[in-house]
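Protein chains in written order, with my numbering: chain C, -4 to 103; chain V, 30 to 348.
Incorrect hints may appear among the rest.
With a straight-line Cα cutoff of 20 Å, these simulated SDA-like cross-link-like pairs (lysine to any residue) come out [unchecked claim]:
(1) V:K74 x V:G40
(2) V:K76 x C:D66
(3) V:K56 x C:A77
(4) V:K60 x C:G73
(5) V:K76 x C:R95
(6) V:K276 x V:V257
(7) V:K274 x V:P253
(8) V:K90 x V:Q42
(9) V:K60 x C:R95
(10) V:K56 x C:V76
(11) V:K67 x C:R95
(12) V:K86 x C:V65
(13) V:K67 x C:A18
(14) V:K67 x V:L57
(15) V:K51 x C:R95
What the hints contain is simulated information worked out from the structure, not anything from laboratory work.
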Amino acid sequence: MRLELTELYWLEEERELTLAELAELSGFSEEELRALKACGAIAPVDPEAEPPRFDARSIVAARTAHRLLVDFELDTQGIAVALALLERIGSLEAELREVRAQLPRRIR
Amino acid sequence: MKYKDYYAILGVQKNAAADEIKAAYRKLARKYHPDVSKEKDAEAKFKDVAEAYQTLKDPEKRAAYDQLGSYQPGQDFRPSPEWQQHFSDRHFSFDDLDLSDLFEAFGGGPGARRRGEPRPLRGQDYEATAHITLDQAHRGAEVDLDLSVPEYDERGFVQRVTRSFKARIPKGATDAQRLRVPGKGGKGLNGGADGDLYLNIVLEPHPLFRVNGHDLYIDLPLSPWEAVLGTEVDLPTLSGPVRLKVKPGTHAGQHLRLGKRGLPRPKGGEGDLYAIVQIVVPTVVGDAERALYRDLAERSTFNPRAHYAQELANATRTD
Chain C
-4 MRLELTELYW LEEERELTLA ELAELSGFSE EELRALKACG AIAPVDPEAE
46 PPRFDARSIV AARTAHRLLV DFELDTQGIA VALALLERIG SLEAELREVR
96 AQLPRRIR
Chain V
30 MKYKDYYAIL GVQKNAAADE IKAAYRKLAR KYHPDVSKEK DAEAKFKDVA
80 EAYQTLKDPE KRAAYDQLGS YQPGQDFRPS PEWQQHFSDR HFSFDDLDLS
130 DLFEAFGGGP GARRRGEPRP LRGQDYEATA HITLDQAHRG AEVDLDLSVP
180 EYDERGFVQR VTRSFKARIP KGATDAQRLR VPGKGGKGLN GGADGDLYLN
230 IVLEPHPLFR VNGHDLYIDL PLSPWEAVLG TEVDLPTLSG PVRLKVKPGT
280 HAGQHLRLGK RGLPRPKGGE GDLYAIVQIV VPTVVGDAER ALYRDLAERS
330 TFNPRAHYAQ ELANATRTD
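Isolated chain C (complex conformation) (with noise of 0.2 Å):
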């Protein structure tokens, strides 16, 4: 069976989504969501408006935690450490990315 797909979104772009969506998509409770936001392993757009509301990068920050904690079973400070430290590679590399790009090739 082929499938006709027509509607793809670019995560990025998607629109603000709550608690409960951001746990369904994630398969964490929100509960869970409570505790990881807590700690600063998920940020909703506005710190200080309730209730919380995230930006769709939340939904692979929060995919991620989930693996985490299935396949390391980590607890809360343990997903937060290792998010932040996945975001900085993350960001490293996509610096070393743009500096590798600039370089030049050898030219024969």
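Since chain C is already given, all that's left is putting chain V on it; use the hints.
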């Protein structure tokens, strides 16, 4: 169904204690987990490791796995009728099943019927990687994806099916971007929502262009006399060649920006194309050319190392 030696995958003995199995899994998970590993084939290796651990950490599943008997890894086998009678109240088509599917459903997988009201269960999310060329990213692309996934039918029986998608990737894709396709993951059960499909974009390397976000970089080799005197160059871009004017006195490493000649951005607009100047010298020169270079060397007052002078003078004084 193909046999997998879960003990060998984790590198433990068949009589390993539960804590040994856990320690072996944690060590391999740190090595191969796709979120933290850059090892080649990390994802496939982690899948095997996680599958082995999911079965061996559960005493009931481990006992059932041990009772399957021993086969060579990859060998086709079917559980005996006695095994099925003893360990499974489910009906499987073993030909279309992976060992992991058998144990995922074992003892009550997502599709299992339990006493009481069935709970709505959201379908599984699928992840796939779409490899596209730079030209496809530039003009948009249709890619065919085939995913082999376990699915549960209305009766809760598991079977492995191939889901084929023709995905229309819009213009503006670049490396490491993700797309979400709502509702195109696994089917929900008992009224639960269908899962989503997450598509990771990977750009294939291009022989000329290098990519950073939506900006592109290309090397612009110039001969020494072109750099000194200036020239006009036909430069390839993704939307066709452009004539680039190189000013006299252009130096190596200089970035010449061609606005809006990069990749299109999802929200509109385009990235830029940067031509990075390289001064390339001929490796073989004829007698006449050599004579011209000698003549130039004698006449020129240009010193490319003039900024060394102070340091060299200081070094001479301290000797």
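Kindly indicate which numbered hints from before are broken by the structure, ordering the numbers from low to high. Hints 5, 9, 13, 15 are the ones this structure does not satisfy, whereas the remaining hints hold.
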